[in-house]
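Trainee: What follows is each chain in one-letter form.
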Amino acid sequence: KAGVTQTPRYLIKTRGQQVTLSCSPISGHRSVSWYQQTPGQGLQFLFEYFSETQRNKGNFPGRFSGRQFSNSRSEMNVSTLELGDSALYLCASSTDGNTEAFFGQGTRLTVV
Amino acid sequence: GESVGLHLPTLSVQEGDNSIINCAYSNSASDYFIWYKQESGKGPQFIIDIRSNMDKRQGQRVTVLLNKTVKHLSLQIAATQPGDSAVYFCAERGPAGLSFGAGTTVTVRA
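Chains Y and C, in that order, are what the protein sequence lines are. For the first sequence, position 1 matches number 1 in our numbering, and the numbering has no gaps at all. For the second sequence, position 4 matches number 4 in our numbering, and the numbering has no gaps at all.
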C-alpha cells in the first residue's frame, strides 16, 4: 500500500510570492494534517482536514490555508511568503484522526 | 500553555545497549500518545503508540511506558543498533491535533 505522498519535494520561492503544496494520503485515510518543521520551533501543527472540512487549526496567520478534496487529497497554500516561512512542511494522514498518523517525506520550502 | 516535551535533547548510546528516551507531558486530558523516529531528510516515522488506559505496550525491540501519575512517557529500545540513530519525538493527541516535543537526538556509538 502506497504511503503518504507529498509534492513537490523541494521548492524555492521569493518573498511575496505564494505557494501551493500537495499531499496524497494513504488510501482509505480521511484525515490529513499539516505541520511546519523548523530547527528553532520544531514540529508545529498547522491544520487538520477530515472529509473536506477543516477540523482543527493551529496558531498560524491567515496566510496559511488549506483544503481537502473529495478523494481526501489535500493542498496547503501560503500567500505573501516571508523568509521565516522557510521550513519543511509535513503532511500526515490517518484513518479518522484518532489513530496513528503516517507522515510523508515533506516539502522543503526555501524563501529567498 | 500545556505542551509535550522531552527531558534531554541528545542521547549517546553504545551499540548493543538499551536506550531509554523520556518525555514529560502536561495535558492531563490527553488520552493518546505516539513515538516517532525521524531520520535526516525524511518525514517522521511511526514507531509505537499507547492509549491512556494502558501502562505499557511492546513492539519489535521497542517498549513504551506511560505513567499517568507523573505524566511521563518513555520509549525503550532494546539492543540499540546503528540504524536507530535518529531524532525521536513523542507526540500527544489533543483537541488541536498532535503536539510534539522538541525531540531527542540519539547517536549510536560503534
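Worth flagging that the hints you see were computed from the coordinates, not collected in a lab. Beta carbons are placed, not taken as given, at the ideal position from N, Cα and C, and that holds for glycine. Honestly, I wouldn't trust all of these hints.
Label pairs and their in silico Cβ distance ranges [to be verified]: (1) Y/Gln41 x C/Glu15: 28 to 36 Å; (2) Y/Gly28 x C/Gln58: 21 to 29 Å; (3) Y/Phe69 x C/Thr69: 42 to 50 Å.
Result set (DMTMM-like, lysine to aspartate or glutamate): computed pairs, CA atoms no more than 20 Å apart in a straight line [stated by the list, open to error]: (4) C/Lys56 x Y/Glu82; (5) C/Lys42 x Y/Glu100; (6) Y/Lys13 x Y/Glu100; (7) Y/Lys13 x Y/Glu52; (8) C/Lys56 x C/Glu15; (9) C/Lys71 x C/Glu15.
Trainee: For every hint, state whether the structure bears it out.
Mentor: Each hint tested on the structure:
1. Range check, Y/Gln41 to C/Glu15: about 32 Å between beta-carbon atoms, so the 28 to 36 Å window is met.
2. Range check, Y/Gly28 to C/Gln58: about 27 Å between beta-carbon atoms, so the 21 to 29 Å window is met.
3. Checking the proposed 42 to 50 Å range against Y/Phe69 and C/Thr69 shows it holds: the Cβ atoms sit about 44 Å from each other.
4. At roughly 44 Å between alpha-carbon atoms, C/Lys56 and Y/Glu82 are farther apart than 20 Å, so this suggested pair is violated.
5. Simply put, C/Lys42 and Y/Glu100 have alpha-carbon atoms about 18 Å apart, close enough for the 20 Å limit, and the pair holds.
6. This hinted pair does not check out: Y/Lys13 and Y/Glu100 have alpha carbons roughly 33 Å apart, beyond 20 Å.
7. Taking the CA atoms of Y/Lys13 and Y/Glu52, the gap is near 28 Å; set against the 20 Å cutoff, the hint is violated.
8. Only pairs whose Cα atoms come within 20 Å are accepted, and C/Lys56 paired with C/Glu15 is rejected, the gap being roughly 24 Å.
9. Distance check on the hinted pair: C/Lys71 and C/Glu15 sit about 29 Å apart at the alpha-carbon level, beyond 20 Å; violated.
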